[in-house]
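*Asks:* In case you want the letters, here they are:
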Amino acid sequence: MRTANRVASLLLGTALLVGGAVTAVQAVLLTLHRPTPLDTSGWFDAVSGTRWHDPAVRTVAGGALLLGLALLAAQLRRWTPVRLRADERDGWYLHRRCVERRLADAASAVPGVRRARARLRRHDGQWRPRVRASGDPAARAEIEFAVHKELHRLTAPHPSRVDVRLLPRRRPA
Amino acid sequence: MTNAGHRLLWTIIALLLVAGGAAALAASLGTLPGVDPASLLLSADLIDRWRMTAPWSTLAAAVAGALFALAGQHLLARELRGPGGTLRGTLSQPGRRPGRTRVAADILTDALVRDLTGNPGVRRARVVLTGAPPHPDVWIQVDLTADAPPAGVREHVHAAVRRFAATTQCQPAHLDVTARIEPGRQ
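First to last, the protein sequences are chains A and B.
Position 126, counted from 1, in the first sequence is what full-length UniProt numbering calls 126; the numbers after and before it change by one each time, with no gaps.
Position 156, counted from 1, in the second sequence is what full-length UniProt numbering calls 156; the numbers after and before it change by one each time, with no gaps.
For the record, the hints were derived by calculation from the structure and aren't laboratory data.
One should not assume that every hint holds.
[Claimed, not checked] Below, simulated SDA-like cross-link-like pairs (lysine to any residue); rule was C-alpha separation at most 20 angstroms, straight line: (1) A:Lys149 / B:Arg154; (2) A:Lys149 / B:Arg180; (3) A:Lys149 / B:Ala151; (4) A:Lys149 / B:Asp147; (5) A:Lys149 / B:Thr145; (6) A:Lys149 / B:Pro183; (7) A:Lys149 / B:Ala148; (8) A:Lys149 / A:Ser160; (9) A:Lys149 / A:Gly112; (10) A:Lys149 / A:Arg121; (11) A:Lys149 / B:Ala146; (12) A:Lys149 / A:Arg101.
[Claimed, not checked] From the derived model, a few chain A residues whose C-beta atoms are all more than 12 angstroms from chain B: (13) Asn5; (14) Glu100; (15) Gly112; (16) Arg119; (17) Arg122; (18) Arg130; (19) Ala139; (20) Arg140; (21) Phe145; (22) Ser160; (23) Leu167; (24) Pro168.
Where is the CB? At the ideal position from N, CA and C, for every residue including glycine.
Using the sequences and the accompanying hints, generate a full structural model.
*Replies:* Dropping the structure here:
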């Protein structure tokens with residue numbers, strides 16, 4: 001969402017700059033009764049011939065309403081933080097994606113576990129790691145131990161629990 | 001511009017879109033009082049008034065266009081400049097005897113970066129100073145190697161900041177360190 005916002009702001013800035021400059025030049029030339037670079041008579045005729053109950057007006061208004069609601073929902077929902085506070089006192093943070101990759105590596109290093117993926121989510125003010133992997137369900141305790149050990153090594157806060165979801169590996173036919 | 005700034009900007013734009021879209025839809029469906037759904041978007045009366053007030057109406061449009069272009073230029077400049085409020089220029093300290101010590105802020109941040117990367121566990125470091133010079137806010141990002149002990153690097157970073165504060169007599173008002181750790185070797 002952060003990247004999308006930045007790209008959208010760049011596009012909005014460019015559109016405002018170009019659109020505003022073109023409008024200003026066009027309006028000045030119209031004031032001076034000089035020929036204008038853009039012919040707006042077709043657009044003007046189309047708008048001045050349109051009535052409020054036309055389907056085109058409803059489509060545009062409905063589209064703007066839906067786009068606004070979608071944008072509002074995207075901006076107001078809770079974003080996953082980029083970093084994880086390691087300590088309340090000394091301002092030390094860990095990059096969340098890096099920690100997730102390290103936890104996935106730690107889980108994958110457990111014998112019998114493959115394709116591990118880890119996610120860190122905030123839950124009741126605490127960070128809760130979620131690990132998904134394929135392998136023997138009996139390896140759950142070992143994965144939890146590996147995750148706790150890696151978090152301790154990274155000086156990250158200790159979670160009260162670690163969610164582990166193990167999918168049994170498919171046997172070859 | 002910051003993430004919070006972007007979020008605020010796009011929340012305002014979303015609210016404007018919702019308000020405008022809802023008003024236009026209400027007018028189109030005939031539920032907005034004072035607007036006849038069978039009337040034209042640009043009524044003949046409105047067009048007459050626009051023509052009667054020329055050249056002021058077209059000049060007003062030119063000014064509005066120029067203001068929009070200025071707003072766009074401002075937004076683009078803020079996007080391309082990166083985070084604002086970075087300390088640049090010279091830090092000036094009064095001495096105990098007559099005179100002042102002046103040091104370029106870039107040299108101080110470079111010195112802190114060199115001190116931070118002196119630890120073999122730190123592959124890269126980035127330092128940004130913001131706020132007022134005697135007690136600046138110090139923002140640090142360190143990229144740690146896969147085999148670096150984070151606890152040791154953490155102590156090294158705090159020692160480097162203490163050395164920075166002692167050398168420059170700039171005790172950080174706020175310290176913020178983000179550590180990025182490389183994935184372990186498979």
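*Asks:* Could you run down the list of hints and mark each one as holding or not?
*Replies:* To see whether the hints hold, each was checked on the structure:
Pair hint A:Lys149 plus B:Arg154 holds up; C-alpha atoms about 18 angstroms apart against a cutoff of 20 angstroms. In summary, the hint linking A:Lys149 to B:Arg180 is supported, as the alpha carbons are separated by about 18 angstroms, within the 20 angstroms threshold. Pair hint A:Lys149 plus B:Ala151 holds up; C-alpha atoms about 14 angstroms apart against a cutoff of 20 angstroms. Simply put, A:Lys149 and B:Asp147 have alpha-carbon atoms about 15 angstroms apart, close enough for the 20 angstroms limit, and the pair holds.
For the given pair, A:Lys149 sits about 18 angstroms from B:Thr145 by alpha-carbon distance, which is consistent with the 20 angstroms threshold. Of the pairs offered as hints, the one joining A:Lys149 and B:Pro183 holds, with about 15 angstroms between alpha carbons and a cut-off of 20 angstroms not exceeded. Distance restraint check for A:Lys149 and B:Ala148: the Cα-Cα separation of roughly 15 angstroms lies within the 20 angstroms cut-off, and the hinted pair is therefore satisfied. Pair hint A:Lys149 plus A:Ser160 holds up; C-alpha atoms about 14 angstroms apart against a cutoff of 20 angstroms.
In summary, the hint linking A:Lys149 to A:Gly112 is supported, as the alpha carbons are separated by about 18 angstroms, within the 20 angstroms threshold. Simply put, A:Lys149 and A:Arg121 have alpha-carbon atoms about 18 angstroms apart, close enough for the 20 angstroms limit, and the pair holds. A threshold of 20 angstroms between alpha carbons decides the hint, and for A:Lys149 with B:Ala146 the separation of about 15 angstroms falls inside it, so the pair holds. Proposed proximity of A:Lys149 and A:Arg101 is supported: the alpha carbons are some 14 angstroms apart, at most 20 angstroms.
The Cβ of A:Asn5 does not lie farther than 12 angstroms from every Cβ of chain B; its closest approach is about 4 angstroms, which violates its non-interface assignment. With a least beta-carbon separation of about 10 angstroms from chain B, A:Glu100 fails to lie farther than 12 angstroms from that chain, contradicting its non-interface assignment. Taking the minimum C-beta to C-beta distance to chain B, about 16 angstroms, the non-interface status of A:Gly112 holds against the 12 angstroms cut. Every Cβ of chain B is farther than 12 angstroms from the Cβ of A:Arg119; the closest lies at roughly 15 angstroms, confirming the non-interface assignment.
Residue-level check passed: A:Arg122 sits 16 angstroms from the nearest beta carbon of chain B, beyond 12 angstroms. Against chain B, the non-interface label of A:Arg130 holds: every CB pair exceeds 12 angstroms, the least being about 18 angstroms. With 12 angstroms as the threshold on Cβ separation, the claim that A:Ala139 sits away from chain B holds: the shortest Cβ distance comes to roughly 18 angstroms. Residue-level check passed: A:Arg140 sits 21 angstroms from the nearest beta carbon of chain B, beyond 12 angstroms.
Taking the minimum C-beta to C-beta distance to chain B, about 16 angstroms, the non-interface status of A:Phe145 holds against the 12 angstroms cut. The Cβ of A:Ser160 lies farther than 12 angstroms from every Cβ of chain B, with a closest approach of about 21 angstroms, so its non-interface assignment holds. Even its closest Cβ contact with chain B, about 21 angstroms, leaves A:Leu167 beyond 12 angstroms, as expected for a residue assigned away from the interface. Even its closest Cβ contact with chain B, about 23 angstroms, leaves A:Pro168 beyond 12 angstroms, as expected for a residue assigned away from the interface.
Consistency with the previously given hints fails for numbers 13, 14, ordered from lowest to highest.
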